[in-house]
Each structure stands twice: as structure tokens, then as C-alpha cells.
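Protein chains in written order, with our numbering: chain A, 3 to 216; chain B, 741 to 1224; chain C, 2 to 101.
No lab work stands behind these hints: they were computed from the structure.
Backbone N, C-alpha and C fix where the C-beta goes; we use that ideal spot for every residue, glycine too.
Hints are not guaranteed to be accurate.
[Stated by the list, open to error] Example chain C residues on the side facing chain B (calculated, C-beta under 10 Å, incomplete): (1) I7; (2) T11; (3) G12; (4) F36; (5) M39; (6) G42; (7) I48; (8) L50; (9) T67; (10) L78; (11) L82; (12) R85; (13) L86.
[Said to hold, decoys possible] Among the chain C residues that face chain A by a calculated CB cut under 8 Å, a handful are: (14) I14; (15) V20; (16) A21; (17) L26; (18) A27; (19) V60; (20) Q62; (21) A63; (22) V70; (23) V71; (24) R84; (25) G91; (26) L95; (27) P96.
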Amino acid sequence: MKRAAIIIFAALFAFVLIVAMLELSALPSPKVNLPAAVAANMAASGVEHPVTAVLLNFRGYDTLLEIAVLLLVLLVVLAVSPREGKAPAASHEPVLQVLARVAVPVMLLAAVYLLWAGAHRPGGAFQAGAVLGAAAVLLHLAGLLPGWNAPRLFMRAGLAGGFLVFLVVASALLANGALLHFPPEFAGALILLIEAGLTVSLGLILAGLFLFLA
Amino acid sequence: MTEFFDPLAWLILLPLFWASGAFLLGPTRGARLAIVGVAAQLWLAIDLAVKVGDGGTAIRHAVGGWGAPLGIDLIADGLAAAMLLLTHMVALPLLLYARGYFAADASVARYFWPLSGFLLAGLNALFLAADLFNLYVTLEIVGLAAVGLVAAGGNATQIAAGLRYLFATLIGSGMYLLGVALIYGAYGTVSIATLTPLINASAASAVWIAAALMLLGLMLKTALFPFHYWLPPAHGGAPAPVSALLSALVVKASFYLILRLWLGPFAPLTGTIAWLPALLGSAAILWGSWQAIRAVRLKMLVAYSTIAQLGYLFLIFPLLGPDGLALQAGGMQVVAHGLAKAAMFAAAGAMIHVTGRDAVADVAGVASRMPVSLFAFALAGVTLMGLPPSGGFLAKWLLIDAALTQGQWWLVAVIIAGGLLAAIYVFRVLRQAFLVPAQGERRHLSHRAPPLLEWTAFTLAAASVLLGLRGVDLLRLLAVGSGP
Amino acid sequence: MSTGLIFAGTGAILFAMGVAGVMLLAHLLRRILAFNLMGSGAFLILIGLAQRAGLVDPVPQAMVLTGIVVSVAATALALALTRRLHKLTGAYTLPATRDD
């Protein structure tokens, strides 16, 4: 009974929403034109790709808080994960191991490329970090990398380092008038610094979300 | 251009810095760093409240120097400044309390300090945000940090409560996010200041759906009856300092956002349905109080009392008018309940710490062994019942005043009934505390509570009562830059 | 009807399926998948509605990237808690609540 009611309600909601969106699409375009504002300020953003400019400059504050979300979730994972007795690496398939040994160096190369490409085409720190994290998970699944124990200081510094670099840059720029207020001439270099730091930390965090629990 | 030590920016940066620092120090460390950090934040919050109160206008910080709608703005008006002040007035005693509470066994609260730093950063960012999408990110920080604090203890009850809370908060923020997507589709911006003049009663139906989704999602996060199911296990099952932070501050954050949206961009859409939140609020007062009266466990009693007290906040919606009376009543209730509920959870935690048991029946004999904690519990109860001179009295008085002015008699009846029901559950605990425990039970009272636990609870309770005497200043602050 | 609207319509269906799933499914892994469906629906609508004039708008794309990271984090948290619950109770469902 409850089940049927929820399904009917959900279907009705989807229908109403689609009708409302069709009605919206018949209206003229909104007066606020953010794509034009983004295009007009691209020169001062320090990068050439509009999505990267929005992510790290125009709405860089969102990105700062987003990294805080990842870091805090990692803390919870560490807090609830078993404290010792990590299982040994899972598989010993020779084929998988050979594949992993070939793939991982290519993945590292791809991560560096993605980081560098972010300035002028799709790419950037998160994508690069995701590839790094995936490489670590692949090594674990192939039986070449054991699960991680509770992090020591060095590891913790690696996990939080990217966020701290971002935070220090954001607050240092208060001297320039506002939080994350990049001076146009240094914006490109500072964004690259932040993205490089984030790539390493995001790779470790994403790998850690898997390997601290392994 | 703003100065380097702009309180708006540092209220968000500072907790992020000490949270990261506490993480670097290790799983059970960082207490001193956190307490120094929150003390500095309290100073910033006072500084901001004075600036906003004296200046009489909202203070703005354009992050990135772009300004809305391209960039993201931070705005501190009277309501935001009051929320920031409350947050730190509650957080500083509670962190001192937590230090005493976790001193015996630090392993039950791994990463408590960095997580509470992220929680405070999220709350501060939420109170200052003026951008719907940025608000989504801050809502997620607050929600996930709160779930983390509930679950971090790691026993099965806490994990299950954490998961239940997690799904509730994720559905809530998912609905909010869908609303933001529809708003961006309709207006091409998510800046609240830019949107407010654009939205009117002839808005497209997608905008109405967006408003409904966002407000409903936030009501789920605020645990408004009948969406309250997740709150008692989460708030009743967490360690006492966490319960106190959650009940005093986290649920208020989503209420604050409902109020912001209701008075701001969605004001033209909400006029005709203002009775609905008030109806649900009334139901919350009656149901929550009833559950508190029959609760077996002490912390469950306090958690159900939170559901009842949150109900009062929703009574203000049909009364919101140009005189600002109802808004002041709501703001006063938020602050008074925040202080009182933090005190109540802290006192309950101290009692459970000493007796080693958590049933209401087990507080028998506490009166002679822990008079300070019991007195703190009673003072907090005075605020919840709404007796003078407490902040709770002032809030309920303003609310009744606003209801009488507008002829809403049924609200007056609900408010008075809620006060009487609160008296029943508070006196239920006090009566039990003065009973002499049975012979075999005496050994449970063998050791005394650490003074730090008792006195921080007492400070919070005293603040909630004395708030009534300084209420005029708070009301003046709440009036800055608010109203329709 | 533009491609943007097809994305948005698909998003509406996914979101509704996700919400129903989170409410109806007892198995925690399925519930987590349903939550992800919900998130994907909202992201599709954000992107799809914004490009109804046929032009690419980088702002919602950046917002969706932020949203994806947040939902990855939320999913990781849910999975970690689910694993821990399974280890402690042996079940992949939430225990029934006692009404006290």
C-alpha cells in the first residue's frame, strides 16, 4: 500500500516536473547572462578554460569548501575504520598483476597530463586526482599494494596538504582585498600551485577512502 | 576593498585552519588548539555583532573580488550576526566540556576535534552565505560533519543512527539541490540578492516547484514534525557533547535557511501557505512533548524536547509582518533554546557519566551528589518552560504578543499548552533526582562528576536564563537589515 | 525540443526514481545507489535546463563538478558506515527502531 503510494507519487512528481520544465523552456532566456560575464572576465581569470576559471577563480570558494567536505569524510572513515589487522592484498592473479604494472605508469602520466591540460581544456585537479586514486585501487586489487593502516604524520600531511595550500593562498589573498582575490598577473601561477597540491591530496584521499577500509 | 582581518572571512577560515591542524596532530589530539581557535572566533563574532549592531546595516564581503552574480558574496545582517554569536557562545563551553568528557577515554571520540572544526566552519559559512549553490555546499559540510560526529563513536547503535540521519540529510539536500537547478534554469543566477527582485507571484510553475522542494528538504533537515523520525536516535545516541552541538546548533542552521528564503526570494510565493508550517509546528510541540513525557531514557527525553522546541520556531511563519515582532520572537527562541538545550544535554551527560546509566529512573539520588548539574538542568528547564526572566520567556511572550495582535488565538493556546507540557517532563526528571536510590543502586554514585563538566553546563544554563535580561540588545541586533 | 531538455527530462525521471528508491529499499547498498541516482538526476537538470538556448554555460558545469565531488564524499561516508554496520551486526539493513 505504502509502496504503491510512493511509486505513484514519484511518477506523478516526475511528470509534473517535466511539464514545468517544458513550460519554462518556452519562456524567453533569463535576463541575467552569466556566460557573457564569464567570457568578459576570462582574461583576468589566469586560465583559458571557462569551467576551470569558474571552479578556481569566480566560484573558487565553493571548491575550497568542497575539498573540506572530502577531507572531513575521510576523517569519519578513519574514525570508524578498524584500527589494526589489515587484510593482506586481495588477489594474486598473475595476469591482473602484469596488467596493473603496465597500466599504473600510464595512469600517472595521464594524471600529470590532466592537471596540466586543466588550464585550457577539460581536465584539472579533481580528474587528475581521481586517476591517481584509481591507480592505487588497481594496485590493491591486483595484490601489489596492501590496505593502509591508520595514517602516520607523513601520510596525514599528504592528505591535508592540498587543502592547506588552498587555504593559505585563499587567506593570503585577503591582503589583496578579499578572500581568494587573485591578482590577474599571478592568478595563473597561483591556480596551478593550488591544483598541483590538490592533485596529490585528492589522489591520496580518494585512494584512502578505499584503502583505509580495505 | 576590506581589511585583512575581516571577521566574515576569518570566521570561516579559522575553524578550517585549526581543524586541519588538529588532524595533523592525530586522532585524539587537538583539544587545546580547538579551544583557542573557538575563543578567537567568539571574539570575532562579538566584533561582528558590534559592527552590525552599531552600523545598522548588513556587512558584505565579495569573495574573489568579483561580486554577485558572477562571484559569491558573504553577507552578515543582524540575524546572521546573532546566529554566529550564539554558535560560539554555545561552542566554547561545549568544547571545554568535551575535553573533560573525553578525558577518561579518548578512543571513543577519534577525530572529534577536527570534525567539530569542520562542523563550525560549515555553520559559519552557512550563516554568512548569500548564494543558493554555495549554501548547498555548506549544508553538506554541516550535514556530513554532524553524521560523522554521531557515528565516530563506532558502536552499532551509533552507526545505525548515523546512517538513518545520513539518508535523511541527503534526501533533504538532494531536494534542495534540485530546487537550485530549477532556479538557475529559470533565472540564470543563484545569487539571493540578484534573485529576490526577479521572483514574483506570476513566476513559472518550475519556480513554485523549486521553492516547495527547497523548503521541504530543509524542513526534513530541521526535523519538523512529521519529518522528525531521524532526530531522537541521532541526538539521543551520540556522546553528550555531540548531542548538545547537534541539538543546539545544527538543526537551527536549516531553520535559519528556511527563514532566509521565506523572507527573501520566496516571499511572494509563500503568503497563502504560511499556516502550514505553523500547523506542523503545533503538532511538533504536542507530539514531541508527549514523547518526552513518556521517554524511558534521559537523553531521549531531551531529544524529544528538541522536537517540541523546534515546533515553536515554525509558529512564527503566519505572524511574520512589517513590525518584525515574529522574527524577533523566532530569533530569541533560537538563541534561548540553543543555550538551554546545550546546557540540558551537558547536564544530562554529566549525570549519566556519574551514574553510569541512562534511564530517567536512574537519576535518583543525583540531587545530593551533583547539585550543580541538577541546578543547570533545572535552569535550562526554566527556559524551555518559558518562565521569567529567561530568554525562553521573552521569546514566548513576543510570540504571544504577535499572535494576539493578529488575532491568531489557536497559536496562543498551543504556546501555553507547550509550556505546561514542558513543565511536566522537566519536573519528571527533577522529582526523580530528589528520590533516594534503592540500597543496591548506591554504588553507582561512587565517584563525583568532574567539576569542568558540571560548571560548563551551569554556565550555559545561566546564560539561557540571563539572556532575558539582555534581550533588548539581542532584539536590536536581530532588527538590523531584516524584514521583508 | 532541444537536447538540453531531453537531458533535463531524463534527470526528472532519475530523480523521482532515486527518491522512491531511498524511501522504499531496505538494503543499504541499493539505497546508496538510489541516492546516487537522485544526485545524477539533479545534475542532469542543472546542466540541461541551463543550456536551453543551445549555448554552453560553464557556470552550471562547474557547479555540477563541485556537486559530484560532494556526492562522491557522501557516498564514501555511507559505504564506510554500511561496512562498519555489517561488521558489527552482520546485516545490510538498518535495525528497526525502538519507540522510546
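Each hint, compared with the structure:
1. I7: At 14 Å from the nearest chain B Cβ, I7 of chain C fails the 10 Å test, so the hint is violated.
2. T11: violated (13 Å)
3. G12: At 8 Å from the nearest chain B Cβ, G12 of chain C passes the 10 Å test, so the hint holds.
4. F36: OK, holds: F36 of chain C within 10 Å of chain B, min 5 Å.
5. M39: Holds, because the Cβ-Cβ distance from M39 of chain C to chain B comes to roughly 5 Å (cut-off 10 Å).
6. G42: Check passed: Cβ of G42 of chain C comes within 7 Å of chain B, closer than 10 Å.
7. I48: I48 of chain C check passes; min Cβ-Cβ to chain B is 8 Å, inside 10 Å.
8. L50: Hint on L50 of chain C: holds, closest Cβ of chain B at ~3 Å, below 10 Å.
9. T67: holds (7 Å)
10. L78: holds (6 Å)
11. L82: holds (5 Å)
12. R85: This hint holds: R85 of chain C lies near chain B, its Cβ roughly 5 Å from the closest one there, short of 10 Å.
13. L86: The hint holds - L86 of chain C has a Cβ within 10 Å of chain B, the shortest such distance being about 5 Å.
14. I14: Result: holds, 5 Å to nearest chain A Cβ.
15. V20: holds (6 Å)
16. A21: Holds - the Cβ of A21 of chain C comes within 8 Å of chain A, reaching about 4 Å at its closest.
17. L26: violated (11 Å)
18. A27: violated (11 Å)
19. V60: holds (5 Å)
20. Q62: holds (5 Å)
21. A63: holds (4 Å)
22. V70: holds (5 Å)
23. V71: Holds - the Cβ of V71 of chain C comes within 8 Å of chain A, reaching about 5 Å at its closest.
24. R84: holds (6 Å)
25. G91: Since the shortest Cβ distance to chain A is 15 Å, the answer is violated.
26. L95: Where the cut-off is 8 Å and the nearest Cβ of chain A is about 16 Å from L95 of chain C, the hint is violated.
27. P96: At about 17 Å, which exceeds the 8 Å cut-off, the nearest Cβ of chain A leaves the hint on P96 of chain C violated.
Hints 1, 2, 17, 18, 25, 26, 27, counting from the list given before, are not met by this structure.
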